[in-house]
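Chemist: Now for the letters of each chain:
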Amino acid sequence: MSTSAVAGLVLDVPALIDAATGRTEYMRALLAVMTQQGYTIAVPSTVRARAAGQLTAPAQLAELDWFCASGTVLEIPLAAADAAEIDYLAKDHFAGEAAAAHAVLATRRRGWPVIATSERAPGFRAAGAAAELLP
Amino acid sequence: MAAKTTKVTITMDDGVLERVRAAVAAGHAANVSSYISDAAAQRVAREANAEEIEQRWGPFSPKSMAWARKAAGVPPEPGDDTYLAEIEADRAAHRSARPA
Numbered sequence: 001m002s003t004s005a006v007a008g009l010v011l012d013v014p015a016l017i018d019a020a021t022g023r024t025e026y027m028r029a030l031l032a033v034m035t036q037q038g039y040t041i042a043v044p045s046t047v048r049a050r051a052a053g054q055l056t057a058p059a060q061l062a063e064l065d066w067f068c069a070s071g072t073v074l075e076i077p078l079a080a081a082d083a084a085e086i087d088y089l090a091k092d093h094f095a096g097e098a099a100a101a102h103a104v105l106a107t108r109r110r111g112w113p114v115i116a117t118s119e120r121a122p123g124f125r126a127a128g129a130a131a132e133l134l135p
Numbered sequence: 001m002a003a004k005t006t007k008v009t010i011t012m013d014d015g016v017l018e019r020v021r022a023a024v025a026a027g028h029a030a031n032v033s034s035y036i037s038d039a040a041a042q043r044v045a046r047e048a049n050a051e052e053i054e055q056r057w058g059p060f061s062p063k064s065m066a067w068a069r070k071a072a073g074v075p076p077e078p079g080d081d082t083y084l085a086e087i088e089a090d091r092a093a094h095r096s097a098r099p100a
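Taken in sequence, the protein lines are chains A and B.
So that you can map any letter, position 25 of the first sequence is 25 in my numbering, and since no number is skipped, the others follow by simple counting.
So that you can map any letter, position 63 of the second sequence is 63 in my numbering, and since no number is skipped, the others follow by simple counting.
Just so you know, these hints were derived from the structure itself, not from any lab.
Heads up, the beta-carbon is just placed ideally off N, CA and C, and yes, glycines get one too.
Don't take every hint at face value.
To be verified - Facing chain B, from chain A, some residues (calculated, C-beta under 7 Å):
1) E25
2) Y26
3) R28
4) L30
5) M34
6) T35
7) I76
8) P77
9) G128
10) E132
Claimed, not checked - Covered stretches of chain A (chain B as the covering partner; in silico rule of three or more C-beta atoms under 8 Å from a C-beta of chain B):
11) 36–45
12) 62–75
Said to hold, decoys possible - Label pairs and their in silico Cβ distance ranges:
13) B/R21 <-> A/A57: 50 to 56 Å
14) B/N31 <-> A/L78: 41 to 47 Å
15) B/E51 <-> A/P77: 27 to 33 Å
16) A/S45 <-> B/R21: 38 to 44 Å
17) B/A2 <-> A/T117: 37 to 43 Å
18) A/A49 <-> B/A92: 32 to 38 Å
19) B/G27 <-> A/A59: 46 to 52 Å
20) B/V44 <-> A/A69: 16 to 22 Å
21) A/R125 <-> B/P75: 24 to 30 Å
22) A/A95 <-> B/V44: 42 to 48 Å
23) B/V16 <-> A/A59: 43 to 49 Å
24) B/E51 <-> A/L78: 30 to 36 Å
25) A/S45 <-> B/V44: 40 to 46 Å
Generate coordinates for the entire structure from the input sequences, incorporating the hints supplied.
Modeler: Encoded structure:
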């Protein structure tokens, strides 16, 4: 169990959906702690788009926007130069899903762990990313 | 209009003060007061933002805060280990309940 400061975390799709829906309070508590510490939560733009696509209620989309508008959250755009690497990562580890591959790229670039579900964590770990499991 | 200021006396670690003075000498702040005041203002702003999150979505349970501190790499508070063990037990139960 790590107790060293991480300075930043990357979110995978289920973690962002959890934050928007409030299904559990873990992600919202995480935003509070990260904000208090002055740390950063990185949300790849493809992760946000995929999360938004899985939310149907306007209230949940509003909560997603509020979460992402927090000064703690840094949205990482999809750069054209990264498309090929994301495509390879997606095919190799995530059955073609670009959002998870984009999250891997963010973890590699910043050296931050990703918040993932236990179902998706093996894909991240196989791609060389450290994964913290969402309860 | 400039904010009202008050002169205060503070005590700080010599090593930290040395770094602050070096930062001022390097031009990162006008003087030691400005550096310390900026640092305090940043912390006040962070805590205000965290309070806003708590007001919108909180209060958060001790269990969720324990996990959040662990995920953020923040030192645990007393009792966190118990909550983290509960989370692990829940996860193990979920795994064993899942069809093979």
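Chemist: Hints first: check each against the structure and report whether it holds.
Modeler: So, going through the hints one by one against the coordinates:
1. Hint status for A/E25: holds, given a least beta-carbon distance of 5 Å to chain B, under 7 Å.
2. At a threshold of 7 Å, the smallest CB-CB gap from A/Y26 to chain B is about 5 Å, leaving the interface hint in force.
3. Because the beta carbon of A/R28 sits about 4 Å from the nearest beta carbon in chain B, less than 7 Å, this interface hint is met.
4. A distance limit of 7 Å between C-beta atoms decides the matter here; for A/L30 the minimum to chain B is near 4 Å, and the interface restraint holds.
5. Checking A/M34 against chain B by beta carbon gives a least distance of about 5 Å; that is within 7 Å, so the hint holds.
6. Annotation: A/T35 was flagged as interfacial toward chain B, and the flag holds, the nearest CB pair being 4 Å apart, inside 7 Å.
7. Annotation: A/I76 was flagged as interfacial toward chain B, and the flag is violated, the nearest CB pair being 19 Å apart, outside 7 Å.
8. Interface restraint check: A/P77 against chain B, minimum CB-CB distance 23 Å, threshold 7 Å, status violated.
9. Hint status for A/G128 relative to chain B: violated, with the closest Cβ pair at about 19 Å, above 7 Å.
10. Hint on A/E132 holds. Least Cβ distance to chain B is approximately 5 Å, under the 7 Å limit.
11. Coverage of a stretch by a chain is defined here by at least three residues with a beta carbon nearer than 8 Å to that chain's beta carbons; for the region 36–45 of chain A and chain B the count is 4, and the condition holds.
12. Only when three residues or more bring their CB closer than 8 Å to a CB of chain B does the claim for the region 62–75 of chain A stand; here the count is 4, and the claim holds.
13. For the pair B/R21 and A/A57, the supplied restraint of 50 to 56 Å holds, since their beta-carbon distance comes to about 54 Å.
14. The hint said 41 to 47 Å for the Cβ distance between B/N31 and A/L78, and at roughly 44 Å that hint holds.
15. For B/E51 paired with A/P77, a C-beta distance near 30 Å keeps the hint of 27 to 33 Å intact.
16. Judged by the Cβ atoms, the range 38 to 44 Å given for A/S45 and B/R21 holds: they are separated by roughly 42 Å.
17. The hint said 37 to 43 Å for the Cβ distance between B/A2 and A/T117, and at roughly 51 Å that hint is violated.
18. At roughly 34 Å, the beta carbons of A/A49 and B/A92 sit within the given window of 32 to 38 Å.
19. A hinted range of 46 to 52 Å holds for the C-beta pair B/G27 and A/A59, which are about 48 Å apart.
20. Taking the beta carbon of each, B/V44 and A/A69 are about 20 Å apart, inside 16 to 22 Å as hinted.
21. Under the hint 24 to 30 Å, the C-beta atoms of A/R125 and B/P75, about 26 Å apart, fit the expected range.
22. In this structure, A/A95 and B/V44 meet the distance hint of 42 to 48 Å, their C-beta atoms being roughly 46 Å apart.
23. A hinted range of 43 to 49 Å holds for the C-beta pair B/V16 and A/A59, which are about 45 Å apart.
24. At roughly 33 Å, the beta carbons of B/E51 and A/L78 sit within the given window of 30 to 36 Å.
25. Judged by the Cβ atoms, the range 40 to 46 Å given for A/S45 and B/V44 is violated: they are separated by roughly 31 Å.
In summary, the structure is inconsistent with hints 7, 8, 9, 17, 25 from the numbered list given earlier, while agreeing with the others.
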